[in-house]
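Trainee: What follows is each chain in one-letter form.
Protein chains: 2
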Amino acid sequence: MTISSQPAKASPDRRADKARNEADNPSSLVVRFGADEPLALDSGSQLRDWQVAYQTYGELNEEKSNVVLICHALTGDQHVANVHPVTGKPGWWERMVGPGKPIDTRRYFVICPNVLGGCMGTTGPASTNPATGRPYGLDLPVLTIGDMVRAQAMLLDRLGIGKILGVVGGSMGGMQVLQWAVAYPDRVLSAIPIAAGARHSSQNIAFHEVGRQAVMADPDWQGGKYLELGTSPRKGLAVARMAGHITYMSDQALHRKFGRNLQDRDKRTFTFDADFQIESYIRHQGSTFVDRFDANSYLYVTRAMDYFDIAADHDGRLANAFLDCKTRFCVVSFTSDWLFPTSESRAVVKALNAGGASVSFVEIATSAGHDSFLLEEPELDATIRGFLAAVARDHNVT
Amino acid sequence: MTISSQPAKASPDRRADKARNEADNPSSLVVRFGADEPLALDSGSQLRDWQVAYQTYGELNEEKSNVVLICHALTGDQHVANVHPVTGKPGWWERMVGPGKPIDTRRYFVICPNVLGGCMGTTGPASTNPATGRPYGLDLPVLTIGDMVRAQAMLLDRLGIGKILGVVGGSMGGMQVLQWAVAYPDRVLSAIPIAAGARHSSQNIAFHEVGRQAVMADPDWQGGKYLELGTSPRKGLAVARMAGHITYMSDQALHRKFGRNLQDRDKRTFTFDADFQIESYIRHQGSTFVDRFDANSYLYVTRAMDYFDIAADHDGRLANAFLDCKTRFCVVSFTSDWLFPTSESRAVVKALNAGGASVSFVEIATSAGHDSFLLEEPELDATIRGFLAAVARDHNVT
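Which chain is which? The protein sequence lines are V and G, in order.
Per this note's numbering, residue 1 is the first one in the first sequence, and the count goes up by one each step.
Per this note's numbering, residue 1 is the first one in the second sequence, and the count goes up by one each step.
Take these hints with a grain of salt, some might be off.
Stretch by stretch, here's where chain V covers chain G in the computed footprint (C-beta under 8 Å, at least three residues) [as the list claims (entries may be wrong)]:
{"no.": "1", "stretch": "202-209"}
{"no.": "2", "stretch": "250-264"}
Simulated pairs of lysine-lysine, DSSO-like, Cα-Cα distance not exceeding 27 Å [said to hold, decoys possible]:
{"no.": "3", "chain 1": "V", "residue 1": "Lys257", "chain 2": "G", "residue 2": "Lys350"}
{"no.": "4", "chain 1": "V", "residue 1": "Lys101", "chain 2": "V", "residue 2": "Lys64"}
{"no.": "5", "chain 1": "V", "residue 1": "Lys350", "chain 2": "G", "residue 2": "Lys257"}
{"no.": "6", "chain 1": "G", "residue 1": "Lys89", "chain 2": "G", "residue 2": "Lys257"}
{"no.": "7", "chain 1": "G", "residue 1": "Lys101", "chain 2": "G", "residue 2": "Lys18"}
{"no.": "8", "chain 1": "V", "residue 1": "Lys18", "chain 2": "V", "residue 2": "Lys101"}
Everything labelled a hint here was simulated from the structure, so no lab data went into it.
Owing to the predicted nature of the structure, the values given are computational and were not obtained by experimental measurement.
For each residue, glycine too, the CB sits at the ideal point set by N, CA and C.
Using the sequences plus the hints, can you model the full thing?
Mentor: As structure tokens, then:
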């Protein structure tokens with residue numbers, strides 16, 4: 001595993017340069033697929049000369065029976081439990097993954113691939129198009145969650161891994177988890193979709209469309225050709241991220257954390273400065289995001305989420321997707337998640353039950369909102385630890 | 001009352017020109033205040049040579065005792081119940097105001113002023129700054145809900161109107177209603193704040209900040225000087241409106257109205273076109289808004305809402321604002337409103353009760369979200385009709 005250590009305080013410009021390099025030459029493991037190993041896409045197109053960047057933790061056992069696949073969310077990446085090569089910050093799920101952690105790397109071999117369409121080394125719009133030698137930009141075909149999962153399956157094939165002990169992920173990661181179980185039911189022994197659903201709702205599509213319009217409204221987006229032209233739609237992407245970020249937190253969490261507190265001042269300034277802490281916070285979320293994420297990737301990955309609708313792919317009936325499903329499920333939702341409310345998880349559970357699947361359903365009471373899966377949440381830790389241990393026992397993984 | 005009749009289908013460019021003219025020369029009644037009648041602002045500044053544009057419906061009775069003041073919401077204006085001079089569309093509350101309607105213009109004299117900071121004829125950033133002869137832009141002082149209400153009080157003074165039978169408004173209109181009762185308790189006989197609260201929440205401030213950042217990110221905003229420079233931050237303002245509009249509807253309403261239905265096509269196009277009806281809908285909301293609304297007004301009016309916090313102005317205790325309040329209240333909320341949830345209205349009711357005020361509280365069960373006050377909602381109609389009639393009876397208004 002190659003992870004170059006990075007200075008923790010690279011300047012924004014240096015970070016942006018570094019982020020651009022990651023697209024073709026990631027600071028992680030990478031598997032390249034040649035012209036003879038095309039990836040068939042749901043759009044009908046094919047990708048040739050493509051690659052998947054991924055990270056691993058722990059050791060693969062001799063039987064190759066201890067694999068836990070982690071699927072990341074919209075703005076996540078493969079750097080689950082190591083210092084991030086661009087930001088210098090800890091991995092996004094350090095709490096969950098490591099020796100003695102709920103996903104215990106002394107026991108499991110953990111793999112996390114960067115998603116197709118991403119910008120951290122798996123083929124995406126920032127990657128070099130082998131046909132032109134220039135970044136794909138909008139020449140990359142529009143992708144789906146199904147395409148992401150198909151790419152991951154080809155990665156595991158290449159690594160000689162057949163069955164997966166558990167597939168785990170939150171938000172868009174949870175969509176991939178469900179798609180894995182639907183597309184490869186014999187391969188997935190257990191599945192933990194967290195804070196997700198079997199489709200993207202109308203409201204969710206609307207928020208994504210706001211983000212995309214914000215990016216595309218930025219003249220520096222240049223019709224998607226900004227990498228070639230040396231510009232960067234930073235302002236548009238920052239607005240997109242700000243709008244998105246609000247949806248990841250609950251009203252209560254924002255109230256508790258920021259309330260109407262003023263930022264480093266005693267009274268209102270009667271200007272358009274960030275008087276309130278919440279303003280300063282979301283501006284910061286926007287401005288740091290653009291240093292590590294590609295604007296076109298934001299378009300592609302949000303679009304893949306919008307297109308996700310398992311029922312629609314199965315004659316309009318979600319239960320049809322899970323008929324005779326042997327995968328054991330643990331579906332997790334959070335009470336204060338308004339982006340993927342419990343009702344969406346419950347619909348999945350209902351369909352799984354209708355298909356006769358083995359399913360546990362855990363609704364965790366928390367006021368932290370959608371992003372709870374990324375935060376300190378002992379009940380989530382215990383749920384994942386216990387469920388994976390039970391599955392491992394059933395399959396004689398020690 | 002001067003209302004010029006407008007062609008219903010003016011082109012967007014003509015509509016934009018028309019909208020710009022409204023700022024100084026509104027298609028409605030207008031009262032101008034000279035240099036000797038300054039408006040004192042909460043920021044400490046004063047406005048001189050300012051004006052209030054307003055619309056009236058019905059007849060003022062001899063005792064001047066039948067006045068109903070309507071306060072409009074963020075993107076509303078004084079054109080409550082007449083054809084809009086810019087868009088050619090019906091007034092925004094035609095359902096509620098008119099002969100025989102819940103706010104019956106055969107009985108009440110209805111006044112609706114455009115808010116201070118607006119763009120339809122009351123002084124705002126698009127108005128000509130008398131000191132320079134150019135549009136104010138960001139040279140206009142930042143305003144508050146208190147300033148808006150103070151300006152309205154000066155309008156009523158000028159019209160020789162003392163007491164107001166009822167002040168009614170939804171959303172930001174409801175904030176003004178509350179502010180009226182707090183600032184002029186002896187003048188307001190009854191108050192109907194709908195879908196509002198006594199402060200703007202952290203989440204609400206965050207959504208407004210996204211909108212402002214979207215406007216200011218548009219290079220055509222030009223630091224606020226776009227009117228002088230002949231540009232228009234249409235894309236930025238459209239994104240702001242899109243983000244805002246999502247918050248005005250409930251998840252259920254969006255699901256019922258649009259679901260995941262495709263727009264004029266049988267299947268996904270695998271592009272970034274508006275495949276889904278919801279995408280097409282919010283794009284339309286964004287693009288039509290910019291023809292009738294000034295981008296700087298959007299900044300000023302959202303800022304005024306963010307600054308609104310009655311408790312903070314009363315030693316941190318909301319009840320202090322309503323001590324010995326003689327105004328009779330009817331507080332209305334909607335179950336599916338997540339922008340101003342019922343809990344915000346309940347906090348107002350609690351404070352009113354603590355102050356010994358007379359208060360009815362009506363929580364209307366609807367799945368339509370925050371914008372319910374603008375929609376067909378018979379329970380709201382009956383509530384307003386009945387409450388106003390009772391107040392009128394108490395005060396011998398026939």
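Trainee: Please go over all the hints and tell whether each is borne out by the structure.
Mentor: Going down the list of hints, with the structure as the test:
| no. | hint | verdict |
| --- | --- | --- |
| 1 | 202-209 | holds (count 6) |
| 2 | 250-264 | holds (count 7) |
| 3 | Lys257/V with Lys350/G | 24 Å, holds |
| 4 | Lys101/V with Lys64/V | 21 Å, holds |
| 5 | Lys350/V with Lys257/G | 24 Å, holds |
| 6 | Lys89/G with Lys257/G | 22 Å, holds |
| 7 | Lys101/G with Lys18/G | 30 Å, violated |
| 8 | Lys18/V with Lys101/V | 30 Å, violated |
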